[in-house]
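S.K.: Chain by chain, the residues run as shown.
There are 4 protein chains.
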Amino acid sequence: MFKTPSIVFLMQCPDQKGLVAAVSGFFYKRGFNILRSQQYTDAARNIYYMRLELDLRHLAMPRLQLEEEFGALAKILNMKWTVDYSDLRPRAAILATKAPHCLYDLLLRRKEGELDCDIPLIVSNHAHLEEAANLFGVPFRCLPVGDDRDAQERRMLKLLKAHHIDLVILARYMQILSKRAIDAYPNRIINIHHAFLPAFQGAYPYRQAYERGVKMIGATAHYATEDLDQGPIIEQDAARVTHEQSPRDLEQIGRDIERVVLARAVKAHLERRVIVSENRVIVF
Amino acid sequence: MFKTPSIVFLMQCPDQKGLVAAVSGFFYKRGFNILRSQQYTDAARNIYYMRLELDLRHLAMPRLQLEEEFGALAKILNMKWTVDYSDLRPRAAILATKAPHCLYDLLLRRKEGELDCDIPLIVSNHAHLEEAANLFGVPFRCLPVGDDRDAQERRMLKLLKAHHIDLVILARYMQILSKRAIDAYPNRIINIHHAFLPAFQGAYPYRQAYERGVKMIGATAHYATEDLDQGPIIEQDAARVTHEQSPRDLEQIGRDIERVVLARAVKAHLERRVIVSENRVIVF
Amino acid sequence: MFKTPSIVFLMQCPDQKGLVAAVSGFFYKRGFNILRSQQYTDAARNIYYMRLELDLRHLAMPRLQLEEEFGALAKILNMKWTVDYSDLRPRAAILATKAPHCLYDLLLRRKEGELDCDIPLIVSNHAHLEEAANLFGVPFRCLPVGDDRDAQERRMLKLLKAHHIDLVILARYMQILSKRAIDAYPNRIINIHHAFLPAFQGAYPYRQAYERGVKMIGATAHYATEDLDQGPIIEQDAARVTHEQSPRDLEQIGRDIERVVLARAVKAHLERRVIVSENRVIVF
Amino acid sequence: MFKTPSIVFLMQCPDQKGLVAAVSGFFYKRGFNILRSQQYTDAARNIYYMRLELDLRHLAMPRLQLEEEFGALAKILNMKWTVDYSDLRPRAAILATKAPHCLYDLLLRRKEGELDCDIPLIVSNHAHLEEAANLFGVPFRCLPVGDDRDAQERRMLKLLKAHHIDLVILARYMQILSKRAIDAYPNRIINIHHAFLPAFQGAYPYRQAYERGVKMIGATAHYATEDLDQGPIIEQDAARVTHEQSPRDLEQIGRDIERVVLARAVKAHLERRVIVSENRVIVF
Numbered sequence: 001m002f003k004t005p006s007i008v009f010l011m012q013c014p015d016q017k018g019l020v021a022a023v024s025g026f027f028y029k030r031g032f033n034i035l036r037s038q039q040y041t042d043a044a045r046n047i048y049y050m051r052l053e054l055d056l057r058h059l060a061m062p063r064l065q066l067e068e069e070f071g072a073l074a075k076i077l078n079m080k081w082t083v084d085y086s087d088l089r090p091r092a093a094i095l096a097t098k099a100p101h102c103l104y105d106l107l108l109r110r111k112e113g114e115l116d117c118d119i120p121l122i123v124s125n126h127a128h129l130e131e132a133a134n135l136f137g138v139p140f141r142c143l144p145v146g147d148d149r150d151a152q153e154r155r156m157l158k159l160l161k162a163h164h165i166d167l168v169i170l171a172r173y174m175q176i177l178s179k180r181a182i183d184a185y186p187n188r189i190i191n192i193h194h195a196f197l198p199a200f201q202g203a204y205p206y207r208q209a210y211e212r213g214v215k216m217i218g219a220t221a222h223y224a225t226e227d228l229d230q231g232p233i234i235e236q237d238a239a240r241v242t243h244e245q246s247p248r249d250l251e252q253i254g255r256d257i258e259r260v261v262l263a264r265a266v267k268a269h270l271e272r273r274v275i276v277s278e279n280r281v282i283v284f
Numbered sequence: 001m002f003k004t005p006s007i008v009f010l011m012q013c014p015d016q017k018g019l020v021a022a023v024s025g026f027f028y029k030r031g032f033n034i035l036r037s038q039q040y041t042d043a044a045r046n047i048y049y050m051r052l053e054l055d056l057r058h059l060a061m062p063r064l065q066l067e068e069e070f071g072a073l074a075k076i077l078n079m080k081w082t083v084d085y086s087d088l089r090p091r092a093a094i095l096a097t098k099a100p101h102c103l104y105d106l107l108l109r110r111k112e113g114e115l116d117c118d119i120p121l122i123v124s125n126h127a128h129l130e131e132a133a134n135l136f137g138v139p140f141r142c143l144p145v146g147d148d149r150d151a152q153e154r155r156m157l158k159l160l161k162a163h164h165i166d167l168v169i170l171a172r173y174m175q176i177l178s179k180r181a182i183d184a185y186p187n188r189i190i191n192i193h194h195a196f197l198p199a200f201q202g203a204y205p206y207r208q209a210y211e212r213g214v215k216m217i218g219a220t221a222h223y224a225t226e227d228l229d230q231g232p233i234i235e236q237d238a239a240r241v242t243h244e245q246s247p248r249d250l251e252q253i254g255r256d257i258e259r260v261v262l263a264r265a266v267k268a269h270l271e272r273r274v275i276v277s278e279n280r281v282i283v284f
Numbered sequence: 001m002f003k004t005p006s007i008v009f010l011m012q013c014p015d016q017k018g019l020v021a022a023v024s025g026f027f028y029k030r031g032f033n034i035l036r037s038q039q040y041t042d043a044a045r046n047i048y049y050m051r052l053e054l055d056l057r058h059l060a061m062p063r064l065q066l067e068e069e070f071g072a073l074a075k076i077l078n079m080k081w082t083v084d085y086s087d088l089r090p091r092a093a094i095l096a097t098k099a100p101h102c103l104y105d106l107l108l109r110r111k112e113g114e115l116d117c118d119i120p121l122i123v124s125n126h127a128h129l130e131e132a133a134n135l136f137g138v139p140f141r142c143l144p145v146g147d148d149r150d151a152q153e154r155r156m157l158k159l160l161k162a163h164h165i166d167l168v169i170l171a172r173y174m175q176i177l178s179k180r181a182i183d184a185y186p187n188r189i190i191n192i193h194h195a196f197l198p199a200f201q202g203a204y205p206y207r208q209a210y211e212r213g214v215k216m217i218g219a220t221a222h223y224a225t226e227d228l229d230q231g232p233i234i235e236q237d238a239a240r241v242t243h244e245q246s247p248r249d250l251e252q253i254g255r256d257i258e259r260v261v262l263a264r265a266v267k268a269h270l271e272r273r274v275i276v277s278e279n280r281v282i283v284f
Numbered sequence: 001m002f003k004t005p006s007i008v009f010l011m012q013c014p015d016q017k018g019l020v021a022a023v024s025g026f027f028y029k030r031g032f033n034i035l036r037s038q039q040y041t042d043a044a045r046n047i048y049y050m051r052l053e054l055d056l057r058h059l060a061m062p063r064l065q066l067e068e069e070f071g072a073l074a075k076i077l078n079m080k081w082t083v084d085y086s087d088l089r090p091r092a093a094i095l096a097t098k099a100p101h102c103l104y105d106l107l108l109r110r111k112e113g114e115l116d117c118d119i120p121l122i123v124s125n126h127a128h129l130e131e132a133a134n135l136f137g138v139p140f141r142c143l144p145v146g147d148d149r150d151a152q153e154r155r156m157l158k159l160l161k162a163h164h165i166d167l168v169i170l171a172r173y174m175q176i177l178s179k180r181a182i183d184a185y186p187n188r189i190i191n192i193h194h195a196f197l198p199a200f201q202g203a204y205p206y207r208q209a210y211e212r213g214v215k216m217i218g219a220t221a222h223y224a225t226e227d228l229d230q231g232p233i234i235e236q237d238a239a240r241v242t243h244e245q246s247p248r249d250l251e252q253i254g255r256d257i258e259r260v261v262l263a264r265a266v267k268a269h270l271e272r273r274v275i276v277s278e279n280r281v282i283v284f
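Protein chains in written order, with the working numbering: chain A, 1 to 284; chain B, 1 to 284; chain C, 1 to 284; chain D, 1 to 284.
Hint data in this document are derived by calculation from the structure and do not stem from the laboratory. Just so you know, not all the hints are guaranteed correct.
You can't tell identical chains apart in this list, so a pair holds if it fits in one copy or across any two.
Taking lysine-lysine pairs in the BS3-like style, the calculated list, with each CA pair at most 30 Å apart, reads [to be verified]:
1) K179 x K17
2) K80 x K29
3) K17 x K3
4) K158 x K75
5) K98 x K80
6) K17 x K267
7) K111 x K179
8) K3 x K98
9) K75 x K111
10) K179 x K80
11) K267 x K3
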């Protein structure tokens, strides 16, 4: 999507007359061409959402000045907003444990240019996936959990900070993050849940699904929040299964869904197509 | 499926050597041609399931005798089994409330020959759908719930009995059935649940789904059991949705899934392709 | 979607700077609130598409004047556009032959309020579906084809004209329309094709699909053009099948897809969410 | 599936009375336990198909003797059949060109134990994917096509033979195989077609799909035959797309479908769940 160098504004504010005119006028006066623009109004809550993609090559003033001037308009409109520039590539860290499927998938998509980000760091509590990291030339850090879970997390957060990480991807990372970690990366930690939420929670979801004889299994990618598995949902998908599939078969099918759902969520986030609004996610 | 007049045996028993040979030998000796045969072994629980469809025109003895002789074999194999003959059409009653989509759908499929059953009775606690019933020429009985819920159910069960009903279809019937009703039709009451189970339970599931920002909605058809919404699952399906869809949109999409899922479940049941085994359903 | 009375503008023009500002400014100055706005830029062809939904209750001038003033702006922008008002309900005619599934489906959705249109006329070349039309209280006209195919079509076009029809829905109407008919309703005749296009064309597609052993079957809704089955695609869907399904099974599954795909296409058209641009369809 | 060491018989023959009894009796008498058994009758062509999975540990005679004795029965029944033993792992070669997604996917699934085969050889006409092959420790041979296409193919066939290859997987191998190659591996070359067949054939299918404004794209895995893209279909899948997706987006979505469809087809083949019958594939 960032083929043309671009600036992306994400906005949310109370719906009001003249909103589009005010915003589009603002950028027109400053010489911008709008590459893409998407809107949505949540009529029930009267909130207006907008994603605006501008041609970065038309920027004729310092970025800071643009942001200050837009900030002044936003204040009038009672608007929350963010801005991103495509020449500043996001830096993503992947946290994993032992399961390789999501990790490989992300690294391969990164390599093929599907995911527009740098991946300067993989962290795991096991050494298991080091080889995979090496294959793709990504630095791998093993931080075993051991007795002091808290100390391990602090070390990890320090690493993330040192690497200037913008996005944390939990690629089947089987550890619970503390409030401290969540707060350090608000709506910037993406988790893949190995089930269709709300659904079988707890251990062995595929065995539960088998025993309950379900006819579909799914996966959910969401931003991590303190209340595990209750975070804003970015993407979901599901596949049909039959009684013939064993729990192991379901797990394999589940893996295929998991990695696709996680990749789509990460892609949407990196392309700045995601606005979180309370517990709902707008994906443009 | 019952194009050729047929006999369908459904069997479940502990897996054991020589099972297929014993069963297929039994029917071969009695001159039968096997039209279809499907098996499944639940390796975890060591249970063997079989569906056998025979050509009815080869039946060269009284039905009772066939059943007695097969019963003797089944006893040796420690087998639970049922038999059905395609010339005895099942009689289904539809219970509805106000929502017409599932009712119309079933009646139309019946009319088009997709559902191989008689539908001699529609019962509702409202008069709302009488017109639809008339359109398709199916007797309609309105039994308002009023003060005495129990009396209404007793009247309904009497009606079902009087009409020799084999299968009860809850086509968005918004009343809870008592243990007595469930027990009267074990694994012969099919309910459509307006959500992907396990999922948003309780009232207004589509509003809940909207507020949670889910990306897929689904529906589940299952046999009714005392523990509401926990019965054996026959069929499920789901569809992708986006933030753009209002709760009302979700409801419309949900209706489309509901009626297809319910119809598929009813069809599978009528074609005797369903074996219930504890809380799992084998759908051949 | 037309809960709030609304005006919908559909626009397409060469992409150019200041477009959104010009259009949104135009409506802001005239006191309008934008209910919904959707844009898309076809970068390859440099065409900009926009759908704008305004609150009709803010209209403070005669409709003709609004259209003249907007026409003047459109001329400057080299824009093709249409406008519709939600208080002028579209009038749809359904053309059918013998297959009832799409007809019932449309009539039921109309009755349930899913399709926001009047349906003052059903035309068929057979008497077969008269009963269905009666059930829903829609006038039915039988125009047998007989020897003079041309005369029959002329009679039909006369009927459509007399009923001020805006949209013609071919609900499995097994007759080919002439250029004259197509030209009378450009991009206003929706056809459902009983296959996933491009795909098995010609007769007995489900038998062809069976013999080829395909694992998925689908359906396509498109605007009718002279070149049969090559018109702009509005909606498609598909379902998985296996070798077990007979041609008759495939047909039943196909019917379920056909009616849902046709209904979605009709709904999108009625809600003015469809822009045709050469042979591509933008569905907002 | 081959958890328990097993023998798999695949059979097809004219449908006839006593078939199941004869076959199951044959194995029962020789002390076998049937692990899985699946049947299908193509009523239109009166052909009976069967897959039988036996517990290898019950084999109490030389394999050759079993096959001879079964061959004698098969002759009586006019049956075509194959037998495979799970302790003889199939050897698959992957042929690729430059696109890495299918290759990585297969290698990763192999590594994770999803695909039960050896992969002793990757052949490509470019050096591009050598690194990927190295990562997974699979020997890689680059055979550039150059001027003499025929010579290159002969070299390749020699390599396949030298490595005792049972299955050839065309993982986006952009070369056409000659009749000689097809004949050397009848129904043992699996190709992934980058479209939903029958569909956009020829070059740039995703651009064609974009320009035609299709709403779904798919992929097809089939056995290679001389008549390119017309071979027996093993597996297909499709995904919804919108006008918003560029040809490049469609390609990315297409890649996800391609690799899953190819993997499922290869898995089915390796698990001996596939019977080819003229141009139809039975996948048990």
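S.K.: Could you run down the list of hints and mark each one as holding or not?
M.R.: Taking the hints in turn, this is what the structure says about them:
In this assembly of identical chains, K179 and K17 lie within 30 Å of each other by CA distance neither inside one copy nor across copies; the values are 39 Å within and 46 Å between. Proximity of K80 to K29 under the C-alpha cut-off of 30 Å is found in both arrangements, the shortest distances being 22 Å within a copy and 25 Å between copies. With identical chains, the CA atoms of K17 and K3 are at most 30 Å apart between copies only, with a shortest distance of 19 Å across copies and 33 Å within one. Taking the closest pair of Cα atoms, K158 and K75 never come within 30 Å of each other, the shortest separation being 35 Å inside a single copy and 59 Å across copies.
For a Cα distance limit of 30 Å, the shortest separation of K98 from K80 qualifies neither inside one copy, at 39 Å, nor across copies, at 44 Å. In this assembly of identical chains, the alpha carbons of K17 and K267 lie at most 30 Å apart only when taken from different copies (28 Å versus 33 Å within one copy). For a Cα distance limit of 30 Å, the shortest separation of K111 from K179 qualifies neither inside one copy, at 33 Å, nor across copies, at 36 Å. Taking the closest pair of Cα atoms, K3 and K98 come within 30 Å of each other only across two copies (22 Å); inside a single copy the shortest separation is 35 Å, beyond that limit.
For the homomeric pair K75 and K111, neither the shortest alpha-carbon distance inside one copy (41 Å) nor that between copies (47 Å) is at most 30 Å. Only within a single protomer do K179 and K80 lie at most 30 Å apart by alpha-carbon distance; the minimum there is 24 Å, versus 54 Å between protomers. For the homomeric pair K267 and K3, the shortest alpha-carbon distance inside one copy (14 Å) is at most 30 Å, but the shortest distance between copies (34 Å) is not.
Hint check: violations occur at hints 1, 4, 5, 7, 9; the rest are consistent with the structure.
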